Amino acid sequence: MPAFGRLSSSDGASGSTLWQAARSKTQGHGDHPNTASLSHTYLFTWVAEAVTQILSLPFKHTGIITVDLSTAPHRPIEEVQTEPVLNALRDTRKTRRCKTPKESLPSAHLPIRRPQEYPKKDVRQAITIDWEEKHGYHHKMGYQKGKLLVIEPGFYYVYAKTCFRYYRIPEDSSQAEIPPVDVSNTQLIQYVYHESIKWNKAVMLMKTGSTMRWNDTSYNMYCAQQGRGVQLEEGDALFVNVSNAWMLDLEGEGTYFGAIKLGN
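FYI, in this note's numbering the residues of the sequence shown are 1045 to 1308.
Watch out, some of these pointers could steer you wrong.
Here are the simulated lysine-lysine pairs, PhoX-like style, with alpha carbons at most 20 Å apart [what the hints assert, rightly or not]:
id, residue 1, residue 2
1, LYS1189, LYS1245
2, LYS1178, LYS1205
3, LYS1178, LYS1189
4, LYS1245, LYS1191
5, LYS1191, LYS1242
6, LYS1205, LYS1251
7, LYS1191, LYS1178
Simulated from the structure, these hints should not be mistaken for laboratory data.
Remember, predicted model here, so these are calculated numbers, not experimental data.
Could you put together the complete structure from these sequences and hints?
What follows is the structure, encoded as C-alpha cells:
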C-alpha cells in the first residue's frame, strides 16, 4: 500500500509505522492454521486505523493536492459582466439609431380634398380625383392638380382606395325639379395611372371596380382598393381616375392615395 506510506504528520504515527506493525502481527501467526484469515483481519484493522489517522490530520498535511487561489489573477465580477453589455448597447446606438427626416425615404399619403363638386352628367367618363395636401403629406415627392410627382427615382409601392356612396335625400321644395338618378345599374371603377416622362404618355397601372345594382330608397356604399410596385423615374407622375366621381365618399379615411419608395 504505497499510497499510505507517504502519509505523515507531526501529530500522529506515520502510515508506514502502522503498516509495519500490522505486518509483524500477521507474520507472527504464520504457522497458525488460519494465517490467511488473520492476515485479512489485521489488514482490515490497519486500514481502519489509517483512515482514522487521515481524518484526524490537518487538511494541509494529508497529502491531498490543494490550489492556492490567493495569487491567481482575477477581475472584478462587475467588470466582466458589464463590459459586453455596454459594448452591445454602444453598437446598437450606432447601427439602429433613428433616421432623420433627411435620411428617410420618399413617401406620400393624401386624403381626398373636400369640398368638391363633380357633375352628374357623363357619369361613365372617368375624372381625376383632387387630393388634400393640408391634411396629408408628401416627403421628397411633389403634388400638382391631382398628381403625385416623382422627385427621386426608384422602386415604389403605389396604393389607392376610393369609397362610393349614395342615399336618397328627402325631397323638399328646392329639389322638386331635380329628377332622381338611376342607380340600378351603376358602374364604379377605379383607375391608377403612371404618367411617364420618358414615354410622354400615361399608362394604366391598375384597375378595379364593380357594377352595382343599387336602389334610391336606402343607403348604398362600395369601396375599391388596390396597390402594386412600380419602377419610377424623376419627373414621372401618378394619378387616380374614377367613374361616377359624384358618388365619392369625401371622408379621408375612406378615400385616399399614396406611394412610398422601397428601394432603387
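Against the structure, the hints come out as follows:
no.	hint	verdict
1	LYS1189 to LYS1245	holds, 17 Å
2	LYS1178 to LYS1205	holds, 19 Å
3	LYS1178 to LYS1189	holds, 14 Å
4	LYS1245 to LYS1191	holds, 14 Å
5	LYS1191 to LYS1242	holds, 17 Å
6	LYS1205 to LYS1251	holds, 11 Å
7	LYS1191 to LYS1178	holds, 15 Å
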